[in-house]
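Fit the two chains together into the complex; they arrive one by one in their own frames, and the hints show the way.
Just so you know, the protein sequences line up as chains A and B, in that order.
Residue numbering for the first sequence follows my numbering, starting at 1 and increasing by one per position.
Residue numbering for the second sequence follows my numbering, starting at 1 and increasing by one per position.
Quick caveat, the hints were computed from the structure, so don't treat them as lab data.
Hints may contain errors.
With a cut-off of at most 30 Å between alpha-carbon atoms, the simulated DSS-like pairs for lysine-lysine come out as follows [to be verified]:
| id | chain 1 | residue 1 | chain 2 | residue 2 |
| --- | --- | --- | --- | --- |
| 1 | A | K153 | A | K227 |
| 2 | B | K60 | B | K188 |
| 3 | B | K85 | A | K121 |
| 4 | A | K227 | A | K88 |
| 5 | A | K35 | A | K121 |
| 6 | B | K326 | A | K121 |
| 7 | B | K85 | B | K394 |
| 8 | B | K391 | A | K91 |
| 9 | A | K121 | B | K394 |
| 10 | B | K85 | B | K391 |
| 11 | A | K70 | B | K258 |
| 12 | B | K198 | B | K271 |
| 13 | B | K326 | A | K88 |
| 14 | B | K199 | B | K142 |
| 15 | B | K73 | A | K91 |
| 16 | B | K29 | A | K88 |
| 17 | A | K91 | B | K239 |
| 18 | A | K201 | A | K88 |
| 19 | B | K326 | A | K257 |
| 20 | B | K60 | B | K330 |
| 21 | B | K73 | A | K257 |
| 22 | A | K121 | B | K29 |
| 23 | B | K29 | A | K252 |
| 24 | A | K121 | B | K73 |
So, partial list: chain A residues that the calculated Cβ filter (under 7 Å) puts toward chain B [stated by the list, open to error]:
| id | residue |
| --- | --- |
| 25 | T25 |
| 26 | K29 |
| 27 | K91 |
| 28 | E94 |
| 29 | A116 |
| 30 | R119 |
| 31 | R122 |
| 32 | G130 |
| 33 | G134 |
Don't be surprised by glycine CBs; every beta carbon is placed ideally from N, CA and C.
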Amino acid sequence: MKRMKYVKIIFIVFTLFPFHLSAETAEEKGLRIAKASYENGRGFTDMVSDQLMILIDPKGNEVTREVSGKTLENLDPNDGDKSLTYFKTPKDVEGTVMLSHTHISDDDDQWLYLPALGRVKRISSSNKSGAFMGSEVAFEDFSGTDYRKYEWKFLGEEVENNETFYKLESYPNYENSGYSKRISLIDNLNRTHKLDFYDRKGELLKTLYLEDYVLYKDKIWMANTMKVENIQNKNITIFKWLNRELDVGINKKDFEKSSILRLAD
Amino acid sequence: MLKKYIISFLFLFLQYLVASQNASAIDYKAYGFIQPEITTFLNGDGRHDQSNSNQSIFVKGTFITYLNDVDQKITINTTGRIDEKDSERSYIDFQKLKYEQYFDDITLKIGNELIFWGVNESFNIIDIINQSNLAEDISGTKKFGQPMISLNYNHSYGNFDLFIMPFFKERIFPGRNGRPRLALEVDKSTVVYESSSKKNKIDAAVRYSTVYDDYDIGIAHFYGNNRSPELNVNPLSQKLDAYYPILSQTSLDIQSTKGAWLYKLETLTAKNGEERHFGIAGGTEYTIYGLRETTSDLGIIVEYTFDDRNDFAFNNEGVLALRWTKNDIKSTSLLAGLVADMSGSSNRFFAEFEQRIRDDLKVFIDMSINGEIDADDFTYAFEEDSQLTLKIAKYF
Numbered sequence: 001m002k003r004m005k006y007v008k009i010i011f012i013v014f015t016l017f018p019f020h021l022s023a024e025t026a027e028e029k030g031l032r033i034a035k036a037s038y039e040n041g042r043g044f045t046d047m048v049s050d051q052l053m054i055l056i057d058p059k060g061n062e063v064t065r066e067v068s069g070k071t072l073e074n075l076d077p078n079d080g081d082k083s084l085t086y087f088k089t090p091k092d093v094e095g096t097v098m099l100s101h102t103h104i105s106d107d108d109d110q111w112l113y114l115p116a117l118g119r120v121k122r123i124s125s126s127n128k129s130g131a132f133m134g135s136e137v138a139f140e141d142f143s144g145t146d147y148r149k150y151e152w153k154f155l156g157e158e159v160e161n162n163e164t165f166y167k168l169e170s171y172p173n174y175e176n177s178g179y180s181k182r183i184s185l186i187d188n189l190n191r192t193h194k195l196d197f198y199d200r201k202g203e204l205l206k207t208l209y210l211e212d213y214v215l216y217k218d219k220i221w222m223a224n225t226m227k228v229e230n231i232q233n234k235n236i237t238i239f240k241w242l243n244r245e246l247d248v249g250i251n252k253k254d255f256e257k258s259s260i261l262r263l264a265d
Numbered sequence: 001m002l003k004k005y006i007i008s009f010l011f012l013f014l015q016y017l018v019a020s021q022n023a024s025a026i027d028y029k030a031y032g033f034i035q036p037e038i039t040t041f042l043n044g045d046g047r048h049d050q051s052n053s054n055q056s057i058f059v060k061g062t063f064i065t066y067l068n069d070v071d072q073k074i075t076i077n078t079t080g081r082i083d084e085k086d087s088e089r090s091y092i093d094f095q096k097l098k099y100e101q102y103f104d105d106i107t108l109k110i111g112n113e114l115i116f117w118g119v120n121e122s123f124n125i126i127d128i129i130n131q132s133n134l135a136e137d138i139s140g141t142k143k144f145g146q147p148m149i150s151l152n153y154n155h156s157y158g159n160f161d162l163f164i165m166p167f168f169k170e171r172i173f174p175g176r177n178g179r180p181r182l183a184l185e186v187d188k189s190t191v192v193y194e195s196s197s198k199k200n201k202i203d204a205a206v207r208y209s210t211v212y213d214d215y216d217i218g219i220a221h222f223y224g225n226n227r228s229p230e231l232n233v234n235p236l237s238q239k240l241d242a243y244y245p246i247l248s249q250t251s252l253d254i255q256s257t258k259g260a261w262l263y264k265l266e267t268l269t270a271k272n273g274e275e276r277h278f279g280i281a282g283g284t285e286y287t288i289y290g291l292r293e294t295t296s297d298l299g300i301i302v303e304y305t306f307d308d309r310n311d312f313a314f315n316n317e318g319v320l321a322l323r324w325t326k327n328d329i330k331s332t333s334l335l336a337g338l339v340a341d342m343s344g345s346s347n348r349f350f351a352e353f354e355q356r357i358r359d360d361l362k363v364f365i366d367m368s369i370n371g372e373i374d375a376d377d378f379t380y381a382f383e384e385d386s387q388l389t390l391k392i393a394k395y396f
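Bound-form chain B, shown alone (with noise of 0.2 Å):
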């Protein structure tokens, strides 16, 4: 409830700030995209009777102004969707709803921003400041907006940065009839703290990042309310209960250059609750660059990620992925891999393509095909689950 009234204060105020400029002066940018998407089902009606097929509306919309000669700027970033099936999956979040102050070498930034740490493809294991919506996107790289108040200073030795995020967001998972979705519902009304704040702690997190020469080098720190919680069956109720420790984060990042060359790495331990894990993910990247004499450049993308938690999902996982540009007008490009556990026989097929079929029109082709799935996959929930989806986005 505070929330909402913040939000609102916080609309008012930038309205109030953009108001008071001089009219003339007032420079913006506003732009988006309304994206219609239908989904198949390849094997028919889903394991927890969900429907074999789905349809989808997804919006995003942006604004930007500067003010007072771009010492101030404001950012609107809207997404939302409705979706047929599942009303989880129908949302609006205000993603970056923010007011920045730049001074010579400092940023303040107050309001919702989007933060991404890290550098891998694939498994992104250390980015954690925004909460993931596992019913917009199951692997979780869909997130929502964060409160922050945040400071940058830039110094000639790198980057500082500082944040103070109030109001957690707890993990948004697949409704009854969301596809994929959990073998069991998630139960809203049981939600358990360990912090005694529970959402209302304020979670800090502190980050130094540089680029030298070659590298890109972040190190940081997170303290507060874990984004992912630990889900344990209920017996009673037959539903899950989500309980959320406070997670202790420390983490390095780096990416080396080197030509066509990339070299990933992330890597962290944290306590998390009264347990102290250890996780490492990255690979490489390469690029033949006009293949076979055309326009066309090929990428060969290997990543691997291990954590030393037995009970957590991905501990110990592979992809190998290509990637097509055609570098044409209409920008054509085909992304598709093979996600594999290393330690079990699981494995997950897909393949994302996309062209620009007119100056304001864009298509995309997404699939996902599941191989077997062993029975103690947390993905086993989702084997039947392969699909095949259309979206049509149109830009103004």
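Extracted from the complex, chain A is given alone in its bound form (with noise of 0.2 Å):
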């Protein structure tokens, strides 16, 4: 009888077990996967940075931008967060200030300050693959960290550099975006290294790459530089991130849109 018992268990143990593994399918994978590399990133309450954009066209000629920000996490897992821009160069638009309410279903709210009108306007944000500041950088990129943004499915490991990576497919499930899918390469933490986009015909866009990550707080990693190749157009978009600090206990207040005018000139 007691070695009736042990079969069973086994029995059990071996029903179970693969079934269990077949469970998961290449969706639920993928999304587990892309759900953990989101969550990698959270928990910063707040952070302030300097950012440094620069713009590199085939010819090899380089132009640099300057904006410093501030976001604010949205602790209500429904919601986006909120952040606030200010443009230091090209000199012109010096003063500029934007701020947006991210939204994860909805288009985000946004407000901006241009000096040159002296008033603050709230503006459209259903520009969702418009380029920012001319860059190979579109509005969704910015807006569209949030895995919920997508559909994703898992397609194997692939090896690259000598290093296994998850390979996943997303499809963004929002209005108006640029791309028909894009496929990721992420790390055994979780963090994403490389990221294609293929454009609405399906052909392929622009691929970003993520390095210099650092480890803020021993739990979140952010990557400090971004850079953006152009396959179509072959402009390069080098974005780094200078002085970033977390949870520095920012007041809230600061994201409203009358405290725009506290930052404008």
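Rendered as structure tokens:
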């Protein structure tokens, strides 16, 4: 009888275990990794940083743009973060301030202060695929970091530079995206290293490389360099985060429309 | 005269504040630009014997510093112009010369300030705090700084603003050689006020504004000297006499942002002297993003304004404009459109092009072409003032 019980247990284990493995479909596994990767960068509460954006054309001509910004993490998991961006260069836009309240399913709320006009304007945020300041980075690349904005699929593992990555495919589930799909490579610490973007026609448009990962507060991984290579027009944009500080205790009210004028000129 | 003393005092006070800081703690921003401009008038010499060309230099400088760990802020924002032909167009103004103190939910502000009310692109009918400089720009969009003490209370239900405004500034009109200019000169020596305190009247305003979902809403009331005087022909001097009534204006402005569509509305009811009037202006702006699979955007703007005063210059006007933005490294953009008097046949075409040509240089080309203008229209005096202006701004 005792032996019978043993066999039974083995039987149960054997039937359950493979069943459990095969229970996770490619979509579920993709979603699980994407969620873990997203949560890797969460818990920062708030953040301040200076950012450099270097635009390089196919001839090698370079221009640098400088902005500084603050971000407030939304503790409500069903709503997006708030951010305030101050533009320093080019000099003709110095003093421009942009406030954005991102949302997961709805369009974001955005306000812009332009020194030349001296007024705060509510602007449309349905421009998902538009270029940010003439760069190869689209507005949706900033607002679309939440894993819930995509459908996911695990494609398998891929070895690149002697390192094994999870290969994931994702399709935007929000309107007006410029992309038909994205393919990402994520390492075993759930950090994204490479992201290929395919345009609406299904052609490879650009590749994003995330580099200089830094571990903050012993638990949050953030890439301090982002490089975007546009395959079609051969332009390159490099984004660098400088002086990034997390959990500095920013007042929530700094992210309200009326606070834009405190930063404005 | 008193105002000059106060400005000097404010300047010294701000200097004292800056100087009293620990030197290493002073963190400031200073930037600005200088902009030479050349204008050619396309109809030859003007109807009032003005020249067919003009040259001008415009400058703007900004200085900002935060003190005591960003609880206090000092802003100095100066604009000025030297104009070749029109002495009224040469000026210097502290648009902003203010000290701000931030408390938790309250902001206290003292000094010169620019306050914009409204949502429209073209007909800003409710914008009343600052005086216009018509010599700088005949459309009235260029403003002078207004001295004030202001309090802002930021409550979870919205924002409450209170403005107390001493030192009224009279409107500036183009001078004899200005182009465009009114048919007759405005006489500066015969200005009359309804208020017995004249320009020393202390004006006041309150505003409540809030954001609710897709709506940005503002309700405001202004009581004080009207910024816009009545102009009456003096048969003896053959000049225009300006009369500033007391204005008591209540206004509402709303913008609704629905995807690529913006809907805008400004409306007011006001008692101007003894008479009450009503005005409404609004419209829509729709943007096509990624025009024909490029990175450029095309915005289509339609706005209309109505005022129930028959003798008011803009009582039934419409604008149709297109805004093209290339979204390139050079920030190339073009705004072009048509302004038309819906109750007459007067119209005007305008185009504004801009492009960054170097990191610190930007070129602007403005064009304004007057169509046929009715003889009884306020803008009839400008009929032959179609112009092309080239501006190059050097930023520092």
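Quick rundown of the hints versus the structure:
Taking the CA atoms of K153 of chain A and K227 of chain A, the gap is near 24 Å; set against the 30 Å cutoff, the hint holds. Only pairs whose Cα atoms come within 30 Å are accepted, and K60 of chain B paired with K188 of chain B is accepted, the gap being roughly 27 Å. A C-alpha spacing of about 35 Å is found between K85 of chain B and K121 of chain A, which places the hinted pair above 30 Å, so the restraint is violated. Simply put, K227 of chain A and K88 of chain A have alpha-carbon atoms about 21 Å apart, close enough for the 30 Å limit, and the pair holds.
Taking the CA atoms of K35 of chain A and K121 of chain A, the gap is about 35 Å. The hint is violated against a cut of 30 Å. Distance hint between K326 of chain B and K121 of chain A is fulfilled; the C-alpha atoms sit about 20 Å from each other, no more than 30 Å. Taken as a hint, the K85 of chain B and K394 of chain B pair is honoured in the structure, with Cα atoms around 23 Å apart against an allowance of 30 Å. Straight-line distance between C-alpha atoms of K391 of chain B and K91 of chain A comes to about 16 Å, which keeps the hinted pair within the 30 Å bound.
Restraint check: the Cα-Cα separation between K121 of chain A and K394 of chain B comes to about 26 Å, which is no more than 30 Å; the hinted pair holds. For the hint pairing K85 of chain B with K391 of chain B, the CA-to-CA distance comes to about 17 Å; that is within 30 Å, so the pair holds. For the given pair, K70 of chain A sits about 26 Å from K258 of chain B by alpha-carbon distance, which is consistent with the 30 Å threshold. Proximity of K198 of chain B to K271 of chain B is assessed by CA-CA distance (about 18 Å); at most 30 Å being required, the pair is judged to hold.
Between K326 of chain B and K88 of chain A the alpha-carbon distance is near 21 Å, which keeps this suggested pair within the 30 Å criterion. Distance check on the hinted pair: K199 of chain B and K142 of chain B sit about 21 Å apart at the alpha-carbon level, within 30 Å; holds. With a C-alpha separation of about 22 Å, the suggested pair K73 of chain B and K91 of chain A falls inside the 30 Å cut-off, and the hint holds. Proposed proximity of K29 of chain B and K88 of chain A is supported: the alpha carbons are some 10 Å apart, at most 30 Å.
Simply put, K91 of chain A and K239 of chain B have alpha-carbon atoms about 44 Å apart, too far for the 30 Å limit, and the pair is violated. Simply put, K201 of chain A and K88 of chain A have alpha-carbon atoms about 36 Å apart, too far for the 30 Å limit, and the pair is violated. With a CA separation close to 27 Å, the supplied pair K326 of chain B and K257 of chain A stays within the 30 Å bound. The suggested pairing of K60 of chain B with K330 of chain B holds, with an alpha-carbon distance near 21 Å, which does not exceed 30 Å.
Restraint check: the Cα-Cα separation between K73 of chain B and K257 of chain A comes to about 18 Å, which is no more than 30 Å; the hinted pair holds. In summary, the hint linking K121 of chain A to K29 of chain B is supported, as the alpha carbons are separated by about 23 Å, within the 30 Å threshold. Pair hint K29 of chain B plus K252 of chain A holds up; C-alpha atoms about 25 Å apart against a cutoff of 30 Å. Of the supplied pair hints, the one linking K121 of chain A and K73 of chain B holds, its CA atoms being roughly 23 Å apart against a limit of 30 Å.
The closest approach between the C-beta of T25 of chain A and any C-beta of chain B is roughly 34 Å, which is over the 7 Å cut-off, so the hint fails. Because the beta carbon of K29 of chain A sits about 34 Å from the nearest beta carbon in chain B, more than 7 Å, this interface hint is broken. For K91 of chain A, the suggested interface contact is upheld, since its CB lies about 4 Å from the closest CB of chain B, less than 7 Å. Contact between E94 of chain A and chain B, as hinted, is supported at the beta carbon level, the nearest pair being about 5 Å apart and thus within 7 Å.
Residue-level restraint check for A116 of chain A is violated (minimum Cβ-Cβ distance to chain B is 9 Å; threshold 7 Å). Hint on R119 of chain A holds. Least Cβ distance to chain B is approximately 4 Å, under the 7 Å limit. Checking R122 of chain A against chain B: minimum C-beta separation of about 5 Å stays under 7 Å; hint holds. The restraint placing G130 of chain A at the interface with chain B holds, with a minimum CB-CB distance near 5 Å, inside the 7 Å limit.
Annotation: G134 of chain A was flagged as interfacial toward chain B, and the flag holds, the nearest CB pair being 4 Å apart, inside 7 Å.
Checked against the numbered hints given earlier, the structure breaks hints 3, 5, 17, 18, 25, 26, 29 and satisfies all the rest.
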